[in-house]
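Number of protein chains: 2
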Amino acid sequence: VEKEGIQNVQFKMADIMDLNFPSESFDHIFVCFVLEHLSHHTAALRELKRVLKRGGTITVIEGDHGSCYFHPESEAGKKIWNCLISCQKRLGCNPNIGRELYPILEGAGFKDVEVTPRVVYVDQTKPLLVDRFIKKTIIAMVEGVKEHALDLELVNEETWEKGIKDLHKTAEPEGTFFYNSFKGLGFK
Amino acid sequence: VEKEGIQNVQFKMADIMDLNFPSESFDHIFVCFVLEHLSHHTAALRELKRVLKRGGTITVIEGDHGSCYFHPESEAGKKIWNCLISCQKRLGCNPNIGRELYPILEGAGFKDVEVTPRVVYVDQTKPLLVDRFIKKTIIAMVEGVKEHALDLELVNEETWEKGIKDLHKTAEPEGTFFYNSFKGLGFK
Numbered sequence: 022v023e024k025e026g027i028q029n030v031q032f033k034m035a036d037i038m039d040l041n042f043p044s045e046s047f048d049h050i051f052v053c054f055v056l057e058h059l060s061h062h063t064a065a066l067r068e069l070k071r072v073l074k075r076g077g078t079i080t081v082i083e084g085d086h087g088s089c090y091f092h093p094e095s096e097a098g099k100k101i102w103n104c105l106i107s108c109q110k111r112l113g114c115n116p117n118i119g120r121e122l123y124p125i126l127e128g129a130g131f132k133d134v135e136v137t138p139r140v141v142y143v144d145q146t147k148p149l150l151v152d153r154f155i156k157k158t159i160i161a162m163v164e165g166v167k168e169h170a171l172d173l174e175l176v177n178e179e180t181w182e183k184g185i186k187d188l189h190k191t192a193e194p195e196g197t198f199f200y201n202s203f204k205g206l207g208f209k
Numbered sequence: 022v023e024k025e026g027i028q029n030v031q032f033k034m035a036d037i038m039d040l041n042f043p044s045e046s047f048d049h050i051f052v053c054f055v056l057e058h059l060s061h062h063t064a065a066l067r068e069l070k071r072v073l074k075r076g077g078t079i080t081v082i083e084g085d086h087g088s089c090y091f092h093p094e095s096e097a098g099k100k101i102w103n104c105l106i107s108c109q110k111r112l113g114c115n116p117n118i119g120r121e122l123y124p125i126l127e128g129a130g131f132k133d134v135e136v137t138p139r140v141v142y143v144d145q146t147k148p149l150l151v152d153r154f155i156k157k158t159i160i161a162m163v164e165g166v167k168e169h170a171l172d173l174e175l176v177n178e179e180t181w182e183k184g185i186k187d188l189h190k191t192a193e194p195e196g197t198f199f200y201n202s203f204k205g206l207g208f209k
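So the sequence lines, in the order shown, correspond to chains A and B. So the first sequence is residues 22 to 209, counted in the working numbering. So the second sequence is residues 22 to 209, counted in the working numbering.
Bound-form chain A, shown alone:
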């Protein structure tokens, strides 16, 4: 539907390694939580750079699972969080890519690269984040690799259950949680 002042947005799916667009098509490219799931992130960035106009900009937001820590801390809690990292690494991905964003964007040939941290810190003064970040993002994400982690024997079922219980303690009144993503900006 096109109304006055409202432009159509078209969603298109494509292979990030082989984009079906002419070179220098776009003014800006926005990439969010994508590179961490690729085994060839530089090839993807070079293809994205191809379709970016000269003088255009790219924004890349990526997390870093190695940035995560919490209170109360427990061995089981840390262990199952590290299962998420191990599972993702075994798929050929880089769950700790955030810290590398600067050299990666430079290496892909972008100019004037600027990377800034984007912190999520949660304590009981932020009940929405306790629910949506700790419980519905972090713990949900960890629970998503349970079978994979047990299959790989990275952890046993008993430690898994204890770890999940311990992570829920970080969502209780005494608990705190910290995670950091990075936002990178570069020019072509």
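Treat the hints with care, since some could be wrong.
Here are some of the chain A residues that sit facing chain B, going by a computed Cβ distance under 7 angstroms [stated by the list, open to error]: (1) H92; (2) S95; (3) P116; (4) R120; (5) E121; (6) A129; (7) V140; (8) D144; (9) E195.
Please keep in mind that the hints were generated in silico from the structure rather than gathered at the bench. None of these values were measured; they are calculated from a predicted model. Cβ atoms here follow ideal geometry from the backbone N, Cα and C, with glycine treated the same way.
Got chain A sorted already, so can you dock chain B onto it with the hints?
Then chain B, alone, in the frame of chain A:
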């Protein structure tokens, strides 16, 4: 020396567990990188609260050594960083106290506590921080526990030397470094 518009500041040393001031003496109390070095932080905070006026405020800034990560990452680099944490813990201190600042300030009886993270992220676009933070703060701090760590057999000399070399790589053009402190504010 007292000049127009300039007030004398008097520096006094005292035992933080037994302050030689009457109760309700001060409008504001500023504590920076102190609690991490104490084994009884709550007792210290209660004594600080005693000398704070009703309605007065306290600012507490503390680091969290568990927040530290870097690129390139290496096992030896992580190992010697963890030596710093272990040495401090064995002295009865809490080098990872930052994440606990909220429950600690609440537990000491301060009101309307607000804790915010204070991130240090360094890449080659910040040459001053590369020099002053990575080299002259972080690596210098790690080097300070070398003998203690070797005495405790937390690490051998060869791994130590490799770890120091690896940490210096984070100060090279491809390197990045992340550390997070917390700033807490509370009312009496």
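Taking the hints in turn, this is what the structure says about them:
1. H92: Since the shortest Cβ distance to chain B is 4 angstroms, the answer is holds.
2. S95: Interface hint status for S95/A: violated (13 angstroms vs cutoff 7 angstroms).
3. P116: This hint is violated: P116/A lies away from chain B, its Cβ roughly 12 angstroms from the closest one there, beyond 7 angstroms.
4. R120: Holds: closest Cβ of chain B sits about 4 angstroms from R120/A, inside 7 angstroms.
5. E121: Cβ of E121/A sits 5 angstroms from chain B, so the hint holds.
6. A129: violated, 13 angstroms
7. V140: holds, 5 angstroms
8. D144: holds, 4 angstroms
9. E195: holds, 5 angstroms
Checked against the numbered hints given earlier, the structure breaks hints 2, 3, 6 and satisfies all the rest.
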